[in-house]
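> Residue numbers (full-length UniProt numbering), protein chains in the order written: chain A, 1 to 285; chain B, 1 to 274.
Source of the hints: derived by calculation from the structure; they are not laboratory data.
In this text, all values refer to a predicted model and were calculated from it rather than measured experimentally.
One should not assume that every hint holds.
What the hints assert, rightly or not - Computed footprint of chain B on chain A; a stretch qualifies when at least three of its residues, placed anywhere within it, have a C-beta under 8 Å from a C-beta of chain B:
(1) 106-120
(2) 249-260
Claimed, not checked - Label-pair ranges, simulated between beta-carbon atoms:
(3) B:W48 x A:F28: 20 to 30 Å
(4) A:L136 x B:A14: 14 to 24 Å
(5) A:Q51 x B:L13: 22 to 32 Å
(6) B:A67 x A:F141: 44 to 54 Å
Quick reminder that beta carbons are idealized off the backbone N, C-alpha and C, glycines included.
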Amino acid sequence: MHRKAILFLSPSWILLLLFFITPMLLTFGFAFTNLSLTGTDAANIQFIGFQNFTNMFQDPEFRISVFRTLIFLLFSAVVGQVVLGLILALLMKEKARGFRRFIGVIVIAGWVTPEIVVAFCWVAFLSDAGTFNSILQGIGFEPITWLFTFPMVSVIIANIWHGTAFSMMVFQAALDDVPKSVQEAAVIDGASRWQIFFRVTLPIVKGSIVTNMMLVTLQTLGVFTLIYTMTGGGPGNATQILPIFMYNQAFVNYQFGYGTAISLVLLVIGTVASLLYMRFMKVKL
Amino acid sequence: MKVSKKELVIHYLALIFLAICFLLPFLWLVFASFDQQATQAIKLPEKWTLDNFTAILSDPSNIRSFAIGLFISLGQATIVVIVAGLAAYPLSRYRLRYKRSFLLTILFMTSLPITAVMVPVYQLFLFLNIQDSIIFTTIFLAASGLPYAIWMMKNFMDAVPIELEESAWVDGASVLTSMRKVVGPLMLPGIFTIAIFTFTGSWGNFFVPYILLQTQEKLPASVTLYQFFGNYGIIEYGKLAAFSMLYTMPSIILYIFAQKYMSKGFSLGGASKG
Chain A
1 MHRKAILFLS PSWILLLLFF ITPMLLTFGF AFTNLSLTGT DAANIQFIGF QNFTNMFQDP
61 EFRISVFRTL IFLLFSAVVG QVVLGLILAL LMKEKARGFR RFIGVIVIAG WVTPEIVVAF
121 CWVAFLSDAG TFNSILQGIG FEPITWLFTF PMVSVIIANI WHGTAFSMMV FQAALDDVPK
181 SVQEAAVIDG ASRWQIFFRV TLPIVKGSIV TNMMLVTLQT LGVFTLIYTM TGGGPGNATQ
241 ILPIFMYNQA FVNYQFGYGT AISLVLLVIG TVASLLYMRF MKVKL
Chain B
1 MKVSKKELVI HYLALIFLAI CFLLPFLWLV FASFDQQATQ AIKLPEKWTL DNFTAILSDP
61 SNIRSFAIGL FISLGQATIV VIVAGLAAYP LSRYRLRYKR SFLLTILFMT SLPITAVMVP
121 VYQLFLFLNI QDSIIFTTIF LAASGLPYAI WMMKNFMDAV PIELEESAWV DGASVLTSMR
181 KVVGPLMLPG IFTIAIFTFT GSWGNFFVPY ILLQTQEKLP ASVTLYQFFG NYGIIEYGKL
241 AAFSMLYTMP SIILYIFAQK YMSKGFSLGG ASKG
């Protein structure tokens with residue numbers, strides 16, 4: 001290899017090796033140990049084989065966390081952000097420029113806002129005496145303790161609010177790429193609006209939809225801050241998705257071996273999703 | 001495609017409705033921050049005041065946490081731009097034997113959730129005895145941002161024609177000089193995009209400093225804001241909102257600044273072409 005190439009690449013290699021690849025390898029290593037921070041196990045780390053994993057799969061808390069994670073991914077990422085983003089992009093198409101910008105700025109504000117602040121905004125919005133309940137009472141409904149009665153719905157909506165702008169911008173860019181001539185040709189051939197959408201527009205933007213869906217899924221898989229600050233995983237464990245479960249096992253119960261085993265599950269899900277994503281993207285190098 | 005007038009009205013109404021849904025939670029934050037008697041519900045302040053902001057800014061420990069946040073984010077962005085720039089150069093310009101596998105690894109790493117490795121990272125920091133260090137937290141954040149930055153940087157660099165550099169070499173410039181004087185200035189929009197993207201990601205990051213830093217005096221704004229919420233959030237809505245606004249400001253300003261460059265990044269690398 002070029003000597004200069006090695007020289008230029010080495011800083012990034014060193015950083016990635018030390019702080020990215022090593023932790024990933026450690027995940028594999030620690031997941032098979034009884035590593036913990038306190039107690040007698042802290043002094044002598046032991047290899048315990050698949051013990052953490054057998055415990056994990058027998059742990060009802062783990063199974064329900066996986067289920068919650070899938071619900072969170074499905075509704076906040078796939079259904080929420082992707083569908084709402086597509087609807088927004090479609091509605092905004094061919095509207096007055098100023099209006100388009102105005103709507104865009106409002107949606108993007110939620111995306112630019114840091115996760116913690118998103119959490120505060122939504123805790124206040126959904127709280128007992130919050131804005132949403134005042135509106136409900138204004139139109140004659142009983143107020144609802146959203147964060148206690150529907151905690152999962154609350155965090156899903158907050159995450160949709162935070163993430164939709166990204167999908168919207170991706171779809172706007174994709175829709176702008178649809179050549180006008182193709183649509184006009186379809187109109188001349190007598191296609192209806194729905195036919196044009198499903199037969200012309202959708203196939204052209206399909207690539208963006210799939211890629212965007214994978215990206216959003218991967219981002220959502222790593223969501224910790226939003227839920228941790230909004231509900232702390234509660235009430236009870238009602239919003240304890242895998243990252244929160246991992247945090248609680250490792251940093252609250254000090255079961256690092258177990259916590260790492262949960263990390264490994266997250267990494268495996270992430271790896272599968274990311275390999276799929278790379279396949280769909282058909283990377284040209 | 002002609003849309004009937006009735007339908008157009010429905011489109012506009014739907015968009016306005018969605019915009020209101022998006023606006024209300026954020027508008028609460030804005031109003032509450034200027035209101036000393038702020039409550040959980042959105043309302044216009046009876047008296048607009050800056051008292052909440054002065055209260056937050058007059059506490060030296062808040063200023064310190066903003067400064068630390070700024071240090072971490074600027075540090076991370078600087079390291080990422082330099083290291084990714086160096087790495088992108090051979091990846092963009094040279095024929096290398098393992099280029100394809102290296103780039104695929106990089107792309108693979110961009111999409112892994114960093115949350116998943118934080119438990120072993122904490123262990124690693126304990127083992128190396130570098131936990132509770134602002135510098136190493138910054139370096140770790142830089143490493144975690146590298147894959148994406150290298151990927152973007154390479155794409156931006158590919159767009160700079162090599163002929164320009166060749167003429168610089170003919171004039172006697174070294175590779176480093178031509179990078180600094182020719183390639184760098186031409187891909188400035190790309191560099192800004194990466195720097196701003198890294199900065200805002202780091203500024204908004206709560207989980208990494210929350211895990212890797214323990215001493216109260218070393219915590220950046222993201223963590224102190226969380227503590228403020230835990231300690232006073234339930235009573236002092238106005239101050240919480242003001243703190244949040246101050247904390248959100250850099251992200252918004254940088255986004256506005258970056259907007260004209262960033263739109264290019266949204267066609268997902270040509271994937272939209274089907």
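> All hints, please: hold or fail.
Hints versus structure:
Counting residues of the region 106-120 of chain A whose beta carbon lies closer than 8 Å to any beta carbon of chain B gives 12, which reaches the threshold of three, so the coverage claim holds. With 5 residues having a Cβ less than 8 Å from any Cβ of chain B, the region 249-260 of chain A passes the three-residue criterion, so the hint holds. Restraint check, B:W48 to A:F28: a C-beta distance of roughly 56 Å breaks the suggested window 20 to 30 Å. A hinted range of 14 to 24 Å holds for the C-beta pair A:L136 and B:A14, which are about 21 Å apart.
A:Q51 and B:L13 have their C-beta atoms about 59 Å apart, which leaves the hinted 22 to 32 Å range violated. Range check, B:A67 to A:F141: about 47 Å between beta-carbon atoms, so the 44 to 54 Å window is met.
Checked against the numbered hints given earlier, this structure breaks hints 3, 5; the rest are met.
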